[in-house]
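Asker: Position 319 of the sequence shown, counted from 1, bears residue number 319 in our numbering, the numbering being contiguous throughout.
Don't take each hint at face value.
[What the hints assert, rightly or not] Derived DEER-like restraints, expressed as beta-carbon distance ranges:
id : residue 1 : residue 2 : range
1  : I302      : H371      : 35 to 41 Å
2  : I26       : R112      : 54 to 60 Å
3  : W285      : A57       : 30 to 36 Å
4  : Q18       : L361      : 37 to 43 Å
5  : T80       : A27       : 50 to 56 Å
6  : R316      : P292      : 26 to 32 Å
7  : R17       : P292      : 52 to 58 Å
It is worth saying that the hints were derived from the structure and are not from the lab.
Everything numeric in this text was worked out from a predicted model, so none of it was measured.
Idealized CB from N, CA, C, for every residue including glycine.
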Amino acid sequence: MTTEATPPSTSASPSARQVWTRTRGIALALVVLLAAAVAIATIRSDARHGTLDPRSADRQGSRAVAELLAERGVDTTVVTTLDEARAAADADTTLLVAAPDLLTPGQQRALRTATTGAAGRTVLVAPGSPSVERLAPGVTADPANSLESTLSPDCALPAARRAGTAETGGMRYTTTHLDADECYPSDRLATLLRIPETGGDGTGDTVVIGAPDILFNDRLDEQGNASLALQLLGSRPHLVWYLPTLSDTAAADEDDQRGFFDLLPSGWLWGTLQLFIAAAVAALWRARRLGPLVPEKLPVAIRASETVEGRARLYRKANARDRAATALRSTTRIRLAPLVGVPLTQAHTPEALLPALSAHLHRHGDGQSLHTLLFGPPPGDDAALVSLTDQLDALEREVRRP
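Kindly produce the complete structure, drawing on both the sequences and the hints.
Answerer: Spelled out as structure tokens, the structure:
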């Protein structure tokens, strides 16, 4: 009794242990980085609040201003919603709006209505156009910013004269208010405006600052920044620091409810259309390069057994028994045709191959069985495919037998 030796596996697929050995270093590095990021975020979570935040000790935070004001008896309250800012507007309060441009037009109009007649002070930090026109009517922002950051007051405002030079250079403004204080000019346009309130008791006012530098922690000790900031924000016993957020939808009217495509400028839409056209043209250009496959020399020699096993694995993974059976039958017919005197051009023609093949066989059966074996339907399962392979091998051995 003889037994066939099992051929060694030629699979190149790595085992689970090999995959883990190769990737464990990368996985460990990712875990260490993630743990470090979580630890750093936890440690600094109580100190980082963002730009122009009076709770933040970062370079562009404003904790230093808040602490100096607290030493002078001015308490600072941080609010993040429009309703809180409107409720805080009164004669004893300075309302600072840190990012006026984040407010929608409806929110800007509502805030202006709340502060008008409240007899308090409103400080707007670097509002652009048209934000400043809604929050401070009669004031217009110039399209060009100041080229210099440090400027001289050149006005009669006592707070500016006492502070001296300060870093207010940024947005520049013009106003139609004849009684407004226009300070720190750059090319004859002011970077700081104080507009007195015309109605009420006349004690309220609006201050427009062209740059936030005088409020930053790392710029507070430069020039007269600290003096100017303390005088502008410390004129009332209470300071409400309004930090607008994109999530605050209070007082937003229907015109402010815009979709995603409404927020995109028209130039981006045209640019996207051009990209699609360019992609379509490139696809048509590349599609013209169709033709027969060109054989290419392999850089390495691959054993035939590996190629056969690899293709067999692909057939099995795709459950392509029909393709496998067709390949086996076609190869067998090509090998049998010269043995029975049939030209290769007629090897796949049953009328030419089967009669010649039957003449060389004496114990294989009738022509119908040969037709089913060499030209029959695909096998229904893997067992039938294996049986077909064995029958084809047996047929070829019998034809080759002298």
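Asker: None of the hints should be skipped; say for each whether it holds.
Answerer: These are the hints, each one checked on the structure:
no.: 1; hint: I302 x H371: 35 to 41 Å; result: holds (36 Å)
no.: 2; hint: I26 x R112: 54 to 60 Å; result: holds (56 Å)
no.: 3; hint: W285 x A57: 30 to 36 Å; result: violated (57 Å)
no.: 4; hint: Q18 x L361: 37 to 43 Å; result: violated (51 Å)
no.: 5; hint: T80 x A27: 50 to 56 Å; result: violated (40 Å)
no.: 6; hint: R316 x P292: 26 to 32 Å; result: holds (29 Å)
no.: 7; hint: R17 x P292: 52 to 58 Å; result: violated (44 Å)
Consistency with the previously given hints fails for numbers 3, 4, 5, 7, ordered from lowest to highest.
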